[in-house]
Amino acid sequence: MAKLEQILYDDFDELLIKIETGIKNGSISATLEDSSDFQSKSARCSVRVFERYSSMGGNRVSLNVTLFQADDGCVRLSAITAGGSQALFFKINTLGEVAFLDKLKEVLAN
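Using numbering that gives the first Met the number 0, the first residue of the sequence shown is number 0, and each one after it goes up by one.
No lab work stands behind these hints: they were computed from the structure. Incorrect hints may have been included.
Claimed, not checked - Per label pair, the in silico range of CB-to-CB distance:
#1 Ala69 - Ser26: 30 to 38 Å
#2 Leu31 - Lys104: 14 to 22 Å
#3 Glu105 - Ser39: 29 to 37 Å
Unchecked claim - Within a straight-line C-alpha distance of at most 25 Å, the following computed DMTMM-like cross-link-like pairs (lysine to aspartate or glutamate) qualify:
#4 Lys23 - Glu13
#5 Lys23 - Asp71
#6 Lys23 - Asp36
#7 Lys23 - Asp9
#8 Lys2 - Asp12
#9 Lys102 - Asp12
#10 Lys104 - Glu13
These figures come from a predicted structure and were not determined experimentally. We put the CB at the ideal spot given by N, CA and C, even for glycine.
Kindly generate the complete structure, drawing on both the sequences and the hints.
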């Protein structure tokens, strides 16, 4: 499992579109599996679950991205990958998870 947490000062809607587009266009096998959006007064939260095939691990990995914005205007991002390990009891070969998170970092940097 790999994790990224950041505070961003971008427009919430533009950031969400940028992430969705960047992840889906960043890999031929990347898909948006599901999404959830909710709002209460001035607070907003969006959750996106992506999945892609990892040739490094020979399996599929998921990337869960949550954006949260409250009264202060900044956008809090939490991104967590999972599913990249091949072992039964121990996590080994998590390169696919790290690579998926690196793709998100690349999207956010542009």
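The hints, checked one at a time:
no., hint, in the structure
1, Ala69 - Ser26: 30 to 38 Å, "holds, 32 Å"
2, Leu31 - Lys104: 14 to 22 Å, "holds, 18 Å"
3, Glu105 - Ser39: 29 to 37 Å, "holds, 32 Å"
4, Lys23 - Glu13, "holds, 15 Å"
5, Lys23 - Asp71, "violated, 30 Å"
6, Lys23 - Asp36, "holds, 19 Å"
7, Lys23 - Asp9, "holds, 20 Å"
8, Lys2 - Asp12, "holds, 22 Å"
9, Lys102 - Asp12, "holds, 20 Å"
10, Lys104 - Glu13, "holds, 16 Å"
Figure legend: structure checked against the earlier numbered hints; the only hint not met is number 5.
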